[in-house]
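Note that the protein sequences, when read in sequence, are chains A and B. If you use my numbering, the first sequence corresponds to residues 100 to 302, in order. If you use my numbering, the second sequence corresponds to residues 501 to 718, in order.
Check before you lean on any hint, since a few could be wrong.
[Said to hold, decoys possible] Pulled a few chain A residues facing chain B out of the computed Cβ check, cut under 7 Å: (1) R146; (2) I150; (3) Y173; (4) P176; (5) I177; (6) L182; (7) H192; (8) S194; (9) K199; (10) S282; (11) E284; (12) N287.
Rather than coming from a laboratory, the hints here were simulated on the basis of the structure. It should be emphasised that the depicted structure is a prediction, and the values quoted were computed from it without experimental measurement. The beta carbon of each residue, even a glycine, is placed where N, CA and C say it ideally should be.
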Amino acid sequence: MKRSLFLSVLIVTGILSAAAGPSQDWASLKEASRNIRSVKAEFLQKRYLQILTEPLLSEGRFFFYASGSLRWEYLSPIRSVMLQKGDTIQLYHFSEGMWKPEMTQAVESRRMVLAEISQWFQGRFDESKAFKHLYSPGPPARVILAPREGINRFIHRIEIILSARPGLIDRVEIEEPGGSRTSIEFRNVEINSSLPSEIFEKP
Amino acid sequence: MICRKGPDICLLGFLLLSIGCVPMAETALSPGSPDDLPGCYAIFPAGPWGSVHRIEAIIRGGVSSSLLGVTKGEPSEHRLHSLLLTPEGFILFDAELREGGIAVRKAMAPFDSPAFARGLMEDVALLFLPPQVRPTTWGKEADGTRICRWEGPDGSCTEVRGSMDHGWRILRRDDQGEVIREVSLNGPFVQGLASHMELRAFKPASYRLRMTLLQAAP
């Protein structure tokens, strides 16, 4: 469940990256999210751990269809992918030239998380059971997600820094208790482009 | 070993220990001199270090999982700090080995059993820390392969064998002489760490860990 919530944060931040509108106010942000049919983006993730002097860098991409399909993929340093299409969720990692099913699937918890994401995707942030939201118009505009009781044991705070460019954000910061944090920078975000259905079915 | 009943029993004890540590197909070993001893530690990082590895864990039946392993070591204090993370960066396991004990800071299911913590930290120690005692035997085989053996008080044995040209192996045997862990290490070595390692566990559980070095820091 905790791992899945962490994943959900990553995914939701990607979705929000497409939801921020040009006027950068909360109402337009919600309105923009209602008009999202698909999202495609690349990301650079920096994982800061107290044990390391340099962050762990990961690169990847994700694809989302509002009908309930998702592909969240890391290209490096570990090539892995999570696929969701309807109620079916699959995890794979790439090794020895081929995709292999991941040992730990945790499908049920991921299904719960994706239901949560679906709410957020539709602009229903105030219905989230995991996070309370706070919007700051900036500049730069920010959405701050504060975890509710229970979740705050492993996520301290999430901050989404919106870009001046419509529909984009600059980065997301996820803080954990104990000082570790994750920064995700999005780039090449495309909204409402046509995505082949196979990318949600096959690694 | 305490020799309470005379030198015969003491000798028998030494023989039993030796049997436990003898490889299945032992070849003639030219004993090394004290000057050769440092070579027994060549595959272990000498000073404080940190590393990030890509780990593929394979259990029986070929089922596998990819993880990130972050480890920091202080050889002079026989201390290790290890983390296991998902590809997304979520910490599944966080523990320290210090003063002979294991302190688990965080452990998520299915990595939350004491047996897992003990097994994992023993594996990490086998990979990165030499035994704390002096080798009992060391030397070279006819083909130049260096061999160093450390015997434990419980009858177990750790053996390092290999060469920089052909790669290295670490073997851990139990008190019956059976190999319970086998590690292969291949260069190039970066900051004293092998670029590629594979650990095969045979007892009590069977699994394989393939590790690729991603980052190394002093």
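(request) For the hint on P176 (chain A), just tell me whether its beta-carbon gets within less than 7 Å of chain B. (result) Because about 5 Å separates P176 (chain A) from the closest Cβ in chain B, which is inside the 7 Å limit, the hint holds.
(message) The hint names L182 (chain A) as touching chain B; please verify it with the least Cβ-Cβ distance against 7 Å.
(response) Violated, about 14 Å.
(request) Verify the interface restraint on N287 (chain A): the C-beta must sit less than 7 Å from at least one C-beta of chain B. (result) violated, 20 Å
(message) Tell me if the interface restraint on H192 (chain A) is satisfied: Cβ within less than 7 Å of some Cβ in chain B.
(response) Holds: closest Cβ of chain B sits about 4 Å from H192 (chain A), inside 7 Å.
(request) Using 7 Å as the Cβ threshold, decide whether Y173 (chain A) counts as touching chain B. (result) holds, 5 Å
(request) Have a go at the R146 (chain A) hint: is there a Cβ in chain B nearer than 7 Å to its own Cβ? (result) holds, 4 Å
(request) Grab the minimum C-beta distance from I150 (chain A) to chain B and call the hint holds if it beats 7 Å, violated otherwise. (result) holds, 5 Å
(message) Can you verify the interface hint for K199 (chain A): is its Cβ closer than 7 Å to any Cβ in chain B?
(response) holds, 5 Å
(message) Hint validation: E284 (chain A) versus chain B, beta carbon distance must be below 7 Å. Holds or violated?
(response) violated, 14 Å
(request) Would you check whether S282 (chain A) satisfies its interface hint, that is, whether its CB is within less than 7 Å of any CB in chain B? (result) Given a least distance of 11 Å, the restraint on S282 (chain A) is violated.
(request) Would you settle whether the hint for S194 (chain A) is holds or violated, based on the nearest Cβ-Cβ distance to chain B being less than 7 Å? (result) holds, 5 Å
(message) Holds or violated: the hint that I177 (chain A) contacts chain B, with Cβ atoms closer than 7 Å.
(response) Holds, about 4 Å.
Violated hints for the displayed structure, listed by number in ascending order: 6, 10, 11, 12.
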